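Residue numbers (UniProt numbering), protein chains in the order written: chain A, 1 to 244; chain B, 1 to 244.
By construction, these hints were calculated from the structure, which means they are not laboratory data.
From a predicted model like this one, the values you see are computed outputs, not experimental measurements.
Incorrect hints may have been included.
[Claimed, not checked] Simulated crosslink set (EDC-like; lysine to aspartate or glutamate; CA at most 16 angstroms straight-line):
id, chain 1, residue 1, chain 2, residue 2
1, A, K78, A, D124
2, B, K78, B, E178
3, B, K48, B, D97
4, A, K222, B, E214
5, B, K222, A, E214
6, B, K48, B, D84
[What the hints assert, rightly or not] To spell it out: a stretch of chain B is covered by chain A in this simulated footprint if at least three of its residues, at any positions, have a beta carbon under 8 angstroms from a beta carbon of chain A; those stretches are:
id, region
7, 102 to 109
8, 171 to 180
[Said to hold, decoys possible] Some chain A residues flagged as far from chain B (calculated, every beta-carbon gap over 10 angstroms):
id, residue
9, E32
10, D84
11, H87
12, G100
13, E106
14, E130
15, R145
16, F193
17, Y200
18, R202
19, E228
20, L231
Quick reminder that beta carbons are idealized off the backbone N, C-alpha and C, glycines included.
Okay, here's what each chain looks like letter by letter:
2 protein chains.
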Amino acid sequence: MTEFSLPPIQTTARDDAVLKALAGFVMQEKLEPGEKLPTERILAERLKVSRNTVREALTRWEGLGLVERRQGSGTYLKAAVSLDMLHMPLTLAGGNDFTGLMRTLEIRRALEAEAAALCAVRADKEDLAEIERKLDIMEEAFRTRAGMSSEEDWEFHQAVYRASGNPLFEQIISAMHELFHRFWEHPLGVRDFGHASFPYHRTIFNCIAAHDPEGARAEALKLIATVENDLKRGAANLKLSDRK
Amino acid sequence: MTEFSLPPIQTTARDDAVLKALAGFVMQEKLEPGEKLPTERILAERLKVSRNTVREALTRWEGLGLVERRQGSGTYLKAAVSLDMLHMPLTLAGGNDFTGLMRTLEIRRALEAEAAALCAVRADKEDLAEIERKLDIMEEAFRTRAGMSSEEDWEFHQAVYRASGNPLFEQIISAMHELFHRFWEHPLGVRDFGHASFPYHRTIFNCIAAHDPEGARAEALKLIATVENDLKRGAANLKLSDRK
DNA sequence: GTGCAGAAATTGGTTGGACCATTGAACCAC
DNA sequence: GTGGTTCAATGGTCCAACCAATTTCTGCAC
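Turn these sequences into a full structure, and let the hints steer you where they fit.
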């Protein structure tokens, strides 16, 4: 039985209409992240809708992280918007505990491995140079400070995601990274957190440079495995529990 | 330099306060998806805030897919909510074209492979029985209707995600599935779309049942590869472009 | 002219009240 | 029962005002 495609007719969808118009405006004016949008009052007047409706629409965008509102100042674009964008809001239940952290790490393992493999296939000379540059910086920081630096480490991984040719990898992992920023910054009491992952950065790069996708995938899996072990040690130390 | 955890005092954060209170209410009343929430007017009265504030808060939740509002009827819970949930809204720019579809498929390949591997490690007898049941249904549908059925196929994969022990897999892939529902339903003019992927469902299951994570990962990669090929054929057929 | 404190304008946040549009249940005629 | 009508409940929209944070302007002291 084939299912007919009969979307219900919408007589009232002013919020969406406002957002659509606003997205068109942003594209027309070529507004970029950081720039200021028209004030709510002006939007309401121009679009011939109530300021309330404008606010509901902007609340939607704010929830999606597309826009930031500063009282007394204005509303500012926070990400690139276009008419044909699709939204995929995810909610992690009980994401504050150790279990939630391990779960996001499993997602990261999946994406990290695939991104590394794709990168090995697609990275051109320029991409490789950029990745190696980040790798050198990271290794230098490791030597001088005698330990992993989450900042430089993160830069290296981002370079890999970018060279994968698929911006979704960076988007998804960045979102998770932001969510658990406090965890990555405070290594759970494990003194040499991330130490074991250090050598795999170089091996991953070598596989990418050699255009060996399966090798890159394997090395990425090993790297995440070391992080997982560190986390488990940290959890054992702190007796991190579900309670707040 | 350690960063102190001093959240700025919020004289004005009524939306969040409303949502926090509402989340507490939902947990206290043990409301489940599908059930009805108090009306906006009642919430406004009980929480001592304006109905507009309640509406802005609910608009947030609606944007996150946690709640559904039906005019004239009421507001209904759409997903489980808790006090400690974290939100990760993703926006895919230009997701309507062929490129966007291929990109989400690369994400799916990453997650599918990892979920199958985890499933091979963690699935217990009950999980295995459930997966095999879905597999039998799918194979039966394949025989009787002489072709892949997206519905039964999807059920099989969902069973795998669930048995992976990490609900994030199902969440992320389901969100993508919903976004591209129209694409999966209309196989781009490829007559036997998905046909090539059929045998790999059984091989994936065999690896999972044998608790062979790397085998399951490899078979899952092969399955997605067939889907990718079908999509490429479809794109060649339809000359799908960026234009609407 | 410079620097700075205070006033004024701007802008998002909130309120209360009103009315519209849709839904669903109760009711009624047939 | 069937099919329409009425009516209360509920979300959607609008308006006008005020509050709170921020930015900008103004004018005075130096």
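Non-interface claim for D84 (chain A) versus chain B (Cβ beyond 10 angstroms): violated, 5 angstroms
Go check the region 171 to 180 of chain B versus chain A for me, would you? Three or more residues, Cβ under 8 angstroms, otherwise it fails. holds (count 5)
Going straight from one Cα to the other, do K48 (chain B) and D84 (chain B) come out at no more than 16 angstroms? Violated: K48 (chain B) and D84 (chain B) sit about 24 angstroms apart, past 16 angstroms.
Take a quick look at E228 (chain A) and tell me if its Cβ sits farther than 10 angstroms from every Cβ on chain B, holds or violated. Non-interface label on E228 (chain A) holds, nearest chain B Cβ at 12 angstroms vs cutoff 10 angstroms.
Cβ separation check - E106 (chain A) to all of chain B, threshold 10 angstroms: violated, 5 angstroms
16 angstroms limit on alpha-carbon distance, applied to hinted pair K78 (chain A) and D124 (chain A): violated, 30 angstroms
Is the claim that E32 (chain A) lies outside the interface with chain B correct, judged by CB distances over 10 angstroms? For E32 (chain A), whose nearest Cβ neighbour in chain B is about 13 angstroms away, the distance exceeds 10 angstroms, so it holds.
Looking at F193 (chain A) again, its CB stays over 10 angstroms from all of chain B? The claim stands: F193 (chain A) keeps its Cβ more than 10 angstroms from every Cβ of chain B (closest is about 15 angstroms).
Checking the smallest CB distance to chain B, is R145 (chain A) really beyond 10 angstroms? At roughly 13 angstroms from the nearest Cβ of chain B, R145 (chain A) sits farther out than 10 angstroms, so the non-interface label holds.
Holds or violated: K48 (chain B) to D97 (chain B), with C-alpha atoms at most 16 angstroms apart: At roughly 47 angstroms apart (the allowed maximum being 16 angstroms), D97 (chain B) and K48 (chain B) break the hint.
Hey, K222 (chain B) versus E214 (chain A), does the alpha-carbon distance stay inside 16 angstroms? Given that 16 angstroms is the threshold and the Cα spacing comes to 13 angstroms, the pair holds.
When you look at the beta carbon of Y200 (chain A), is every beta carbon of chain B farther off than 10 angstroms? Per Cβ check, Y200 (chain A) is outside 10 angstroms of chain B; nearest 18 angstroms; holds.
The earlier numbered hints that this structure contradicts are 1, 3, 6, 10, 11, 12, 13.
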